[in-house]
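**Q** As you go down the protein sequences, you meet chains A and B in turn. In terms of my numbering, the first sequence opens at residue 1 and continues consecutively. In terms of my numbering, the second sequence opens at residue 1 and continues consecutively.
One or more of the hints may lead you astray.
[What the hints assert, rightly or not] The calculated lysine to any residue pairs, modelled on SDA-like cross-linking and capped at a C-alpha distance of 20 Å, are:
1) B/331 with B/115
2) B/213 with A/138
3) B/259 with A/177
[What the hints assert, rightly or not] With beta-carbon atoms standing in for the labels, derived distance ranges:
4) B/158 with A/83: 24 to 30 Å
5) A/272 with B/162: 53 to 59 Å
6) A/148 with B/286: 45 to 51 Å
7) B/158 with A/276: 49 to 55 Å
8) A/86 with B/171: 40 to 46 Å
Hints listed in this document are in silico derivations from the structure and should not be mistaken for laboratory results. No residue lacks a Cβ here, since even glycine has one placed at the ideal position from N, Cα and C.
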Amino acid sequence: MSLSLFTVQMLNGLQLGVLLFMLSAGLTLVFGIMNFVNLAHGSLYMMGAYFAAAAYVRSESFVIAALVGIAGSAALGFAMERIVAARLYARDHLDQVLATFGLILFFNELARWIWGASPYYMNVPQALSGTVSLFGISYSAYRFAIIAVGLLVALGCYLLISKTRVGMLIRAGSSNPTIVAALGINIKLLNAAIFALGAALAGVAGLMSGPILSVQPGMGEPILITAMIVIVIGGIGSVRGAFYSALIVGLIDTAGRAFLPMLLRGILDRSTAQAAGPALASMLICIFMAAVLALKPQGLFPVKNQ
Amino acid sequence: MKFKLNRMIVLLGLAACGLSVHAQQAVKIGFLGTLSGPAGALGQDQYDAFMLGVEHLNGKFGGATVQVIKEDDQLKPDVGVQMAQKLIEKDKVAIITGVTFSNVMMAVHKPITEAGVVLVGSNAGPTPLTGKGCSPMFFSTSWNNDSLHESMGQYATDSGYKKVYMMAPNYQAGKDAISGFKRFYKGQVIDEVMTQVNQPDYSAEIAQLQAAKPDAVYVFYPGGMGVNFVKQYQQAGLLGKVPLLSTSTVDGTTLPALKEIAVGVVTGSPYSPDIDNPQNKKFVEDFKKKYNRVPSLYAAQSYDAAMLLNAALTKTGGKADDKEALRAAIKSAEFKSVAGPFKFNTNQFPVRNYYRVDVAKDASGQAAFVNKGVVLKDHADAYFKDCAMK
Chain A
1 MSLSLFTVQM LNGLQLGVLL FMLSAGLTLV FGIMNFVNLA HGSLYMMGAY
51 FAAAAYVRSE SFVIAALVGI AGSAALGFAM ERIVAARLYA RDHLDQVLAT
101 FGLILFFNEL ARWIWGASPY YMNVPQALSG TVSLFGISYS AYRFAIIAVG
151 LLVALGCYLL ISKTRVGMLI RAGSSNPTIV AALGINIKLL NAAIFALGAA
201 LAGVAGLMSG PILSVQPGMG EPILITAMIV IVIGGIGSVR GAFYSALIVG
251 LIDTAGRAFL PMLLRGILDR STAQAAGPAL ASMLICIFMA AVLALKPQGL
301 FPVKNQ
Chain B
1 MKFKLNRMIV LLGLAACGLS VHAQQAVKIG FLGTLSGPAG ALGQDQYDAF
51 MLGVEHLNGK FGGATVQVIK EDDQLKPDVG VQMAQKLIEK DKVAIITGVT
101 FSNVMMAVHK PITEAGVVLV GSNAGPTPLT GKGCSPMFFS TSWNNDSLHE
151 SMGQYATDSG YKKVYMMAPN YQAGKDAISG FKRFYKGQVI DEVMTQVNQP
201 DYSAEIAQLQ AAKPDAVYVF YPGGMGVNFV KQYQQAGLLG KVPLLSTSTV
251 DGTTLPALKE IAVGVVTGSP YSPDIDNPQN KKFVEDFKKK YNRVPSLYAA
301 QSYDAAMLLN AALTKTGGKA DDKEALRAAI KSAEFKSVAG PFKFNTNQFP
351 VRNYYRVDVA KDASGQAAFV NKGVVLKDHA DAYFKDCAMK
């Protein structure tokens with residue numbers, strides 16, 4: 001294996017990692033602060049992608065698509081919190097899982113009803129449609145953009161959470177929501193704002209994925225499962241944890257898919273390696289999660305002072 | 001208002017009487033397909049085209065009024081079996097058509113054919129049903145899974161590609177794709193990569209593929225997987241440099257999501273919207289007018305199923321209650337397929353042409369399918385000899 005291939009695969013892992021971070025940050029905030037299991041987070045990602053794609057098809061401008069995608073999913077997240085989630089905070093997790101699972105079905109059918117069953121069109125913006133040559137292997141310029149946007153979002157989250165008053169409340173809320181409410185903070189508004197922020201982040205992920213993935217009903221589910229694994233590994237409620245573990249999961253998943261079949265071929269015969277490679281690669285992050293949970297049940301970067 | 005309401009009730013009553021009179025003569029046909037979920041577009045195409053066929057025949061097959069009852073299998077074999085049982089026992093249909101995916105087909109074909117109901121599959125063609133497991137009650141207007149890929153194997157051989165890199169999802173149809181392609185490909189296969197079903201991102205695999213420097217790449221990624229793969233292949237700068245051959249990857253259901261991104265992809269297909277015959281012209285024109293999209297191969301096969309059933313019921317005088325007579329009529333039915341020459345083999349799968357269909361820009365600058373000629377002419381599948389029927 002050449003160095004260039006290795007570099008490209010690391011970039012692929014990094015790109016998947018930042019995408020997972022944008023999804024899991026919102027998920028972990030809502031779970032950590034409101035103790036609310038939101039399975040419909042993937043639907044917010046899907047709707048973000050649809051909003052952006054629909055705006056892109058009409059305007060042919062990526063900037064407008066970005067604005068519509070992010071604002072649309074934030075608004076949807078806000079509405080979802082007020083209409084559905086707020087009524088469920090006091091109930092147990094099973095009720096929340098059932099209700100938000102219902103929302104998944106609802107949003108998938110809604111998307112099908114509005115935009116049809118076939119995948120929806122969205123291409124990369126003209127300026128980013130080229131490739132960058134890396135020691136003989138071409139790498140999509142758009143994927144570099146995803147990495148850049150992901151890192152910027154991570155930086156933004158860091159500044160918001162560690163340097164602002166809202167961030168202080170978010171951190172306090174994640175440690176002890178009752179005391180925060182007792183201190184006279186409008187916890188309802190804070191909850192809705194956090195939910196909307198999480199939805200906006202999912203919307204950014206949806207917007208950035210739209211041009212590389214197929215925008216279609218159900219696109220949120222496979223990635224939601226990975227995002228769940230990310231927050232479990234990172235430590236529930238911790239955005240910092242979500243960032244590191246998203247990068248780890250992205251790299252492990254990519255490396256597994258790229259290099260595991262190759263390694264297996266060294267010890268097994270070709271056809272067995274061919275069959276076992278992808279199966280093992282897809283299990284890899286789950287095995288990693290199990291190992292983390294066995295050693296550190298709170299996750300790798302749990303919220304402190306809990 | 002009151003008067004109007006009364007009149008409405010009378011009218012409704014009359015309509016209901018009319019319906020019940022007709023219902024005695026109507027031939028009931030069950031449509032079973034995947035109509036919801038990510039792959040719902042395929043079943044929807046089948047259903048829409050079948051209904052267009054019914055409409056073209058003024059709602060009558062062989063003079064008998066047709067009543068189509070639609071059920072969604074949700075791409076779940078167990079749901080498919082339930083729905084098939086409902087169609088057979090409750091609705092008492094004589095014929096079931098559709099069935100989008102092979103795994104559902106494998107589950108439903110026995111309950112349907114053993115109940116003495118004729119099954120006309122218009123998409124899924126799993127290998128076991130083509131050979132040893134063939135049934136007198138099962139007809140296909142599509143293909144055996146392998147055949148689709150054989151045409152691209154032949155094309156790769158004809159084009160002189162020495163090293164081909166193959167990718168497919170890790171399930172039965174993906175394995176059929178690889179074996180079908182290899183049956184007709186004479187060069188070297190550098191690697192066969194099986195990915196997870198519904199994997200959204202192929203960046204890792206595409207980087208490996210690029211490093212292997214193949215002459216051509218062959219993929220089978222139906223539905224949204226195909227959109228993902230082709231987008232990412234194009235964005236990696238490979239489309240146009242390394243020929244991308246495929247089957248069921250860029251088709252009528254995915255081209256609208258890809259548009260010019262897919263220009264340059266070569267596909268092997270039993271159907272192309274620009275096949276030049278009068279029945280196809282009418283089909284494509286009316287399908288576009290009615291549903292505002294270009295018909296896919298799934299649509300074409302399902303439209304063919306409607307035309308086949310019409311021809312068969314014409315032979316039986318519009319009667320579907322004598323199973324043997326109906327079966328014989330379907331087997332010998334003559335109809336004009338929108339895809340060109342069509343006849344049943346001994347295993348009741350079609351002997352038909354497979355075309356090379358390119359994605360190219362048409363006169364108006366839109367991405368469209370362009371038929372580049374026949375790759376395999378009057379092609380029979382590789383398994384018909386294992387079928388006990390003669």
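**Q** Each hint: holds or not?
**A** Verification of the hints:
1. B/331 with B/115: holds (19 Å)
2. B/213 with A/138: With a Cα-Cα distance of about 12 Å, the restraint between residue 213 of chain B and residue 138 of chain A holds, given a limit of 20 Å.
3. B/259 with A/177: With a Cα-Cα distance of about 50 Å, the restraint between residue 259 of chain B and residue 177 of chain A is violated, given a limit of 20 Å.
4. B/158 with A/83: 24 to 30 Å: violated (60 Å)
5. A/272 with B/162: 53 to 59 Å: violated (26 Å)
6. A/148 with B/286: 45 to 51 Å: 48 Å Cβ-Cβ, so the 45 to 51 Å window holds.
7. B/158 with A/276: 49 to 55 Å: Since residue 158 of chain B and residue 276 of chain A have Cβ atoms about 34 Å apart, the given range 49 to 55 Å is violated.
8. A/86 with B/171: 40 to 46 Å: holds (42 Å)
Comparing the model with each numbered hint stated earlier shows that hints 3, 4, 5, 7 do not hold.
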